[in-house]
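In the numbering used here, the protein residues as written are 14 to 537.
No lab work stands behind these hints: they were computed from the structure.
One should not assume that every hint holds.
[To be verified] Pairs of lysine-lysine, DSBU-like flavour, derived with a Cα cap of 30 angstroms:
no.: 1; residue 1: Lys482; residue 2: Lys304
no.: 2; residue 1: Lys520; residue 2: Lys124
no.: 3; residue 1: Lys141; residue 2: Lys304
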Amino acid sequence: MKKFARSSQILALVGLSLAACTTPQPVVPPPSSPPAEPVATQDKPQEAAPPSEDPSFRKAPPPSGPVMPFIAPKIEEARLSNGLRVLYVMRREMPVVAMNIVVDRGAEQEKTPGLTSTMASMLLAGTKSRSAIKLSEELGALGVRYGAWADHDGVGVTATALRDKAADMVSILADVVLNPAFDKVELERERARRLTAILQQADQPYALLQNAITERLYPIGHPYRVPLIGTEAAVKALSPSDLARHHQALFRPEHATVTIAGDIDKAAALALVEKSFSAWKGKATKASALKVPPAVGKGEKRVFVVDRPGATQSYVAVTLVGVPRKNPDFDALMVMNTLLGGQFSSRLNLNLREKHAYTYGARSSFDMRHGSGPFTAGGAIMTPATAKAVKEIFAEIERLRQENVPAEDLDAAKANLVRQLPARFETAGETAGTLAALAVHALPLDELATRPSRISKITAEDVKRVAEKYLRPDQMRVIVVGDAAVVEKELAALDLGGVEVRRAPAKKEAPKGPTGRPKVTLGR
Numbered sequence: 014m015k016k017f018a019r020s021s022q023i024l025a026l027v028g029l030s031l032a033a034c035t036t037p038q039p040v041v042p043p044p045s046s047p048p049a050e051p052v053a054t055q056d057k058p059q060e061a062a063p064p065s066e067d068p069s070f071r072k073a074p075p076p077s078g079p080v081m082p083f084i085a086p087k088i089e090e091a092r093l094s095n096g097l098r099v100l101y102v103m104r105r106e107m108p109v110v111a112m113n114i115v116v117d118r119g120a121e122q123e124k125t126p127g128l129t130s131t132m133a134s135m136l137l138a139g140t141k142s143r144s145a146i147k148l149s150e151e152l153g154a155l156g157v158r159y160g161a162w163a164d165h166d167g168v169g170v171t172a173t174a175l176r177d178k179a180a181d182m183v184s185i186l187a188d189v190v191l192n193p194a195f196d197k198v199e200l201e202r203e204r205a206r207r208l209t210a211i212l213q214q215a216d217q218p219y220a221l222l223q224n225a226i227t228e229r230l231y232p233i234g235h236p237y238r239v240p241l242i243g244t245e246a247a248v249k250a251l252s253p254s255d256l257a258r259h260h261q262a263l264f265r266p267e268h269a270t271v272t273i274a275g276d277i278d279k280a281a282a283l284a285l286v287e288k289s290f291s292a293w294k295g296k297a298t299k300a301s302a303l304k305v306p307p308a309v310g311k312g313e314k315r316v317f318v319v320d321r322p323g324a325t326q327s328y329v330a331v332t333l334v335g336v337p338r339k340n341p342d343f344d345a346l347m348v349m350n351t352l353l354g355g356q357f358s359s360r361l362n363l364n365l366r367e368k369h370a371y372t373y374g375a376r377s378s379f380d381m382r383h384g385s386g387p388f389t390a391g392g393a394i395m396t397p398a399t400a401k402a403v404k405e406i407f408a409e410i411e412r413l414r415q416e417n418v419p420a421e422d423l424d425a426a427k428a429n430l431v432r433q434l435p436a437r438f439e440t441a442g443e444t445a446g447t448l449a450a451l452a453v454h455a456l457p458l459d460e461l462a463t464r465p466s467r468i469s470k471i472t473a474e475d476v477k478r479v480a481e482k483y484l485r486p487d488q489m490r491v492i493v494v495g496d497a498a499v500v501e502k503e504l505a506a507l508d509l510g511g512v513e514v515r516r517a518p519a520k521k522e523a524p525k526g527p528t529g530r531p532k533v534t535l536g537r
């Protein structure tokens, strides 16, 4: 082993000696990059010099295109032997059929606050042959979009489905309207949702404002005084038998109208309605008359503040009792309100938003019902500017009462109203809803078809006349939801009458149980 190790060492030394005597290999540099290919150069295109500006270019906007005339669809009418009215419009654009079932009786006929809207919501909570879950599953399987609504003037159920599902949709909706279960368990679910929503209003300035408006405009016992959703005490007391009696009083064939719009022939539509509703019985009843609210008395307080300490905005409404929907001055009032606060370029918005930056938006509106709903003008105002905004609102109202509007402003307002009409018939669902509104207010079927002609005849003198007649500053009340410590003194300085302040309702803990909004839409 020693001999073998010694031999290995000798061989290693000899190898190292030979390596040292060997001529080293020359170092070869890496290949240089090949010369770049010549690139064809192209001159950068010269940008065209801007045309010299014509000084008159910005003086006037370019002319608009021709105004497209509004052509209302043909509305056809039929009536079943039991008195049920049917309104129909053909719409072939999409393979869908929309349907409304409405009655021309609403919350104005109730004795218990919230009874009508609760009843409407419970229509979707099951029938005598279908549980709430089964009803939802059947409508869902058909792909039906459905809902219910209630307001002061009426109650309705709406649905839209594909054309080949229309027969099943009509059959199920007839069951919903004619055979509601008003199940006790489902009522408890609805009650819990509704009570939660009522309690949440204590933290919602807009809800506080609306409730304060109706409380100040309408006397105790008037159906317009209480909110559609009801009051806590009234909702707690509702029973299934209350709902059943109210449903029986409102839902009678001679009170009702079925509206259908979509891709279905008139004969086929009437056959579906006849099959599902011909057995419906019940005689019409006379609707309860609405009392006219009393006028504001001399020396009566006219400014009311719902105190929300620390509020950064005041929710403001200058309000009075308005007019019914069937007022003969309806068209002139719509033009007048468009000028005052019915569009973005209205006088209120240009004043309070654009000129003074008091608000993000100011509006006015007439809530026209079977009776005289409220007129309101206002918006959400920065707290320090509350009294200033109220002063400007009265100034704009007075300007309409004292001056004829310029022809350009009048024409723009009238055009705005006419341009809104096509949207009323944009889809089958909107068409059926428009027919329902005509039915609830007992308006002629050509109401919308003739509106452009009627609006075109409104003059500046008409606008001034209705402003003087219906916008009476001495009958207006001012409602403010905001920080009384900041706004009360300045509101009093406006000399509109005494200022009354009350605390916003205290927040309460919501009841245990289902949460979320009631299933019914409050209003159409």
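Starting from lysine 520, check that the Cα of lysine 124 is at most 30 angstroms away, please. 27 angstroms, holds
Within 30 angstroms, alpha carbon to alpha carbon, are lysine 141 and lysine 304? Violated, at about 38 angstroms.
Restraint check for lysine 482 with lysine 304, where alpha carbons must lie at most 30 angstroms apart: 20 angstroms, holds
In this structure, the one hint that does not hold is number 3.
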